[in-house]
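Trainee: Since chain X is already given, all that's left is putting chains W and P on it; use the hints.
Order-wise, the sequence lines are chains X, W and P.
Numbering-wise (this note's numbering), the first sequence opens with residue 1 and increments by one.
Numbering-wise (this note's numbering), the second sequence opens with residue 1 and increments by one.
Numbering-wise (this note's numbering), the third sequence opens with residue 1 and increments by one.
It is worth saying that the hints were derived from the structure and are not from the lab.
Glycine included, every Cβ here is placed at the ideal spot set by N, Cα and C.
Derived, one-sided and incomplete: chain W residues facing chain P with beta-carbon distance under 8 Å:
no., residue
1, 148
2, 376
3, 415
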Amino acid sequence: MKTMNSDEQILAVRELTVEYPQGRGRDPLRAVDKVTFDIAQGETLGLVGESGSGKSTIGRAILGLVSPTAGSIEFGGQDITRAGSRERRALSQDLQVIFQDPYSSLNPSRTIGATLAESLRLHPELSKDQVRDRAADVLGRVGLPRTAIDRFPSNFSGGQRQRIAIARALMVEPRLVICDEPVSALDLSVQAQVLNLLSELQREFNLGYLFVAHDLDVVRHLSHRIIVLFGGQVMEEGPAEAVYSKPLHPYTKALLDAAPVPDPVLQAARRTRREQLPIVSGAGQPAGCPFATRCPHALPVCHSERPTMEVTPVGTSVACHRWRDLNSVPTLELPDRKISHAR
Amino acid sequence: MTLVAPFTEITDVSGSSSADSRFVRRLLRRPQAVACLVYLAVLAVVAIASPILLPDVAAERAGDLADSLQGPSSQHWLGTDSLGRDVLQRLLVGSQDTLIGVGVALVVVMLLGIPLGLLAGYVGGRLDRTLCWIADLVLSLPAMVLVIVVLSVFSQNLVAAMVTMGVLTAPALFRVVRAATLPVREQLYIAAAVVAGLSPSYIVRRHVLPRIVGPIIVQLSLLAAGALLLQTGLAFLSLIAGPPAPSWGGMVADGVGVMFQQGWLIWPPGIAIALTVLALGLLGDAVRDVSTEGWSPKRSPSRSTKQREKKGAHAPAVSVDDDVLLGIRNLTVSFASSGGNVRAAERVSFEVGPGETVGVVGESGCGKTTTALAILGMLGHGGHVEDGEAHFAGQDLLTLSERDIQEVRGSEIAYISQEPMVSLDPAFRIGWQLEEAVRANTPLRGADAKRRVQELLEQVQLPDPKRAARMYPHELSGGMAQRVVIARALAGEPRLLIADEPTTALDVTMQVEILELLRSLQREHGMAILLVTHDLGVVADICDRVVVMYAGEVVETASVADLFAHPGHPYTQALLASNPHNQHAAGMLPTIPGSVPELGAMPPGCRFLPRCTQSTPACELGTIPLLQIGERHESRCVHAREVRST
Amino acid sequence: MVSMVIRRVFTAVPLLLLVSSLSFVLLSLTPGDAARQILGTRGTPEQYEALRQQLGLDQPVYEQFWHWLSRAVTGDFGTSIINGTSVAGEIWARLPVTLSLISGAILVSVVVGVAGGVFSAVKDGWLARAIDALVLVVWALPVFWVGSMLVVVFAIKLEWLPAVGYVPLSESPTAWARSLALPVFALSLGSVAAVVKQTREAMLDVLGSDYIRMAAANGIPPRSLIFRHALKNAAIPVVTVVGLQTIGLFGGAVLIENLFAVPGLGSLLVTSALSNDIPAVQAVAVVFTLVVIIVNFAVDIAYGLLNPKLRSS
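Next up, chain X with everything else stripped away, as it sits in the complex:
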């Protein structure tokens, strides 16, 4: 259930920019370009985009795994943009992570118990038995038996490992968890189990999530708000249902239309609609909107000028020069994307 229990803001990201050096003689690659957002206690913010959109880099910047080029990150009112390892250590009590790959995120040569206990190394006052009890409790909470504590990651399936990774994040009672594609590597039936577990835990512990994923269907399911990224920039953002059912940015629409739906009739209709659009696929980074080279509606201005974020009547914000004339006037009402058997 998506319920927010408090409005207390825990994370504030302002104009975050991350650049990766590309070797001598070449301009650095701008993976994240002036991205701004907040996350409140108990809220899930979904970050969606394709590979190269910068979504994972944002999560890694918040975690201190990459260092931002510009902008600021505040956590609980404290600036952590360039926090050192000492500050990070204290921060780890409130800020945790769940990674995509359940196989590489657990050290294969350490027992589950040893992996979980590492999160509590900052609490020397706890005895070995207390740490062990805590680990067993948390494992029970994520649906694994206590006996898991003495086993190795190789004894668990992908879905179970992801539960262990969730348990590791919960060892310290965090306030915000960065979920970096936590279900992308899982099979559909297991994916649903893990998504359910994440939303139960959110209600129980009033957790904030930054939920990074490439699949808008998955993101919508768990998120209160969604940010759609392309080329490191925010294309569209707003309440999850509004972004999902009334997308205004051409990229958001393309993303939604591209994901095939498990319904042959609906899928055939979507295909026909897509075929009516001109196919544009170009390369290169334009100076204006990053989507301009692939956008079927791009005008010269899109290539030269970066659009500003504008608030729309449906409560979302969109960065597109043409969002008004593509969506409103006069014949085109906002496309309703609700599908037959939903709701």
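Mentor: Only chains W and P this time, still in chain X's reference frame:
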């Protein structure tokens, strides 16, 4: 409402205590490793004990000169040297200097190589580049020559020589440690440890070092062998261990000097040196095998046992059915594993008509890829076809010899896989690789073949075909690479394309384009497609008929329209229900409780039974057959008819 | 590619400076300097001082080094303190001998090693297993011991080839080849083993890779898979090992030249080291390093030709 997640069963693969002790135990299970360790241990004891037990040997200038140059006898087991000294005694005492030399070199190598290698690999950046530059620099020095330079200053000084040797060869270990650290550093559990605020030194000690012990030992054993050869070589040149001190190398030199009178003398020290080097080398090999166990490639792909059994027997009469291009019947594939053979696919049957697109859909481990690979005789890795038939164009593919199935691959049936980036040879240009495929699968040669390559590149809608032909695979994006892979598959104008998760590694917008391409190619060429996928959305988009697999079995086959409208198996139903697309924005997703049963530990009766919400006692009884429940609609469920109508 | 060449040159200069300065400093520490060496125990203290001045030994080490370096760049390595001949002349006379020995050994290692490695990787059966076993044994045998055994068998027992000595190419090409046959054979055995091993492993590695399987699935015949795709990709690690082996061969050459009484740089190095002939030791070390740098250079170019990723970056 409080929902407690259900306990999931732990699939116990191996009862294990600790990864490190497992490593040692696996090593000690190899006779080769044990023999090497025993030999080296005995040698170490000899090196320590013999100078104490035989205190006079080291300074003995001459023995009984009348008794010199004797062969082996009961008095002198290994004979006597040119000065009448006992060869065995000198061999035993001489081992001390040899081992000290090796030990000194190894200590220096480890002190320099391991910390610097860890530092370079873990920290990276400029420090890494600088250290690598220095390492390359030092490695490109002729070690032996510099050691001799040092010895011309520190005359006869073993330690100085071996320290120099250690410094000069430390970069070899440095490079190994660094190379092993780099992939470990990228592991997400390292990132998780960083996020947890653990100190770098703790992370390196507890997470990195234990993972790279294997390669370190391998490299150390090789370096020890090198140091031994150098030490004996220097002694051979009498640059160290001058007379009368006994040394293995010196004894060889002694033997060479009297080779014309007594050819025996070079054998004992030569064998001692060779055995020790061999022990070190074999130990290194054993350690490497143990640390890479499980993923090392098999020497050769094995053809199916079925083919061997049937060899000689005339091919069974095949019913030629115009409606069926590929007919799979009762295909059973098993893989050799530590616990015996496990069946990855069992009694799989389905058909693909000419120009038809059939989807094989299921979760990981359901046997869908195994089935696809078995059709082309590409199982490898200990997999073999136990039973079944795969009829294609009037012949059973599973009975063909390797040579005959080669004729089918590419020209009759082509194959594309999930990872376009690793499907192309990185060392050759795109145009060259396509031309090779054209020449292998068609009679076209020379300019005709080149023209055909251009045609293929245009067919797959690459923006600039001429330019693309000159590119190397690493210069392509994932979507472009998949287009090139498809172009190669089309080279022989196959009648069937097996596409194994062709879009899984691509972004959704790229996926749309590739699916569109496959659809248009099929329209133009009338090619049938067998599409292996886990994504029901992809199935809905492109397939005519669907085969749903679960735990190695086909559980349902149906037309796409039927499957989505009236799924006839509880698994298919549950799979459709748990798709987040079909769900309300808020609320719990319907899930399939539990997890897929392990291969080799299948429940009796229906394999989906433990996770099924509609089961009855009838489901536990024996093997469930595929039931006809509609026009070309089959389901492996006792209650299929009721399920379908819900 | 161009940047790689430039980088190599930038590495070569410090490398040569490092080797020469290190050897210079080390040798200046030698107890009993060159003047004492020349005079032996006979000279008076006045004679000794005069000679020290004449040799420049009274100057600080760095000035001596500078002096030596500025002459060394012009190819003047001074005179041997043992027999008073020009060191450079001695080196020029001996360099072709060592180079022919080493190039012969490289040739044998590459041809035999790659052929054996490919065979062992592709074929099953007793012959492939025999090659594997032989490689292991050959690798374990010390080069000086193998050399001795070859002399016993081929020179003494069978009398096919001369036991020791060297005949220059200009005198008689056949005699030259015969005089080098055993030394080259003995020297190359170890690196043949290393190349076989590396080739075998690299071939198996590549043959098990996805792109080979995918090429096979699309009808590319096995002959092409092995001799074009696998061999070209496997060549990259093989070139690495050949480069490292070549550096190692210079060490082996020192031993082999002494064993077979071949008048190359290696035997000059050992006799000079044993007799404290400092200018000669220094010069040989620098020349060896220079040759090794050239070898590395060739290896780098081979890399660039084999690996398109390196070429384009």
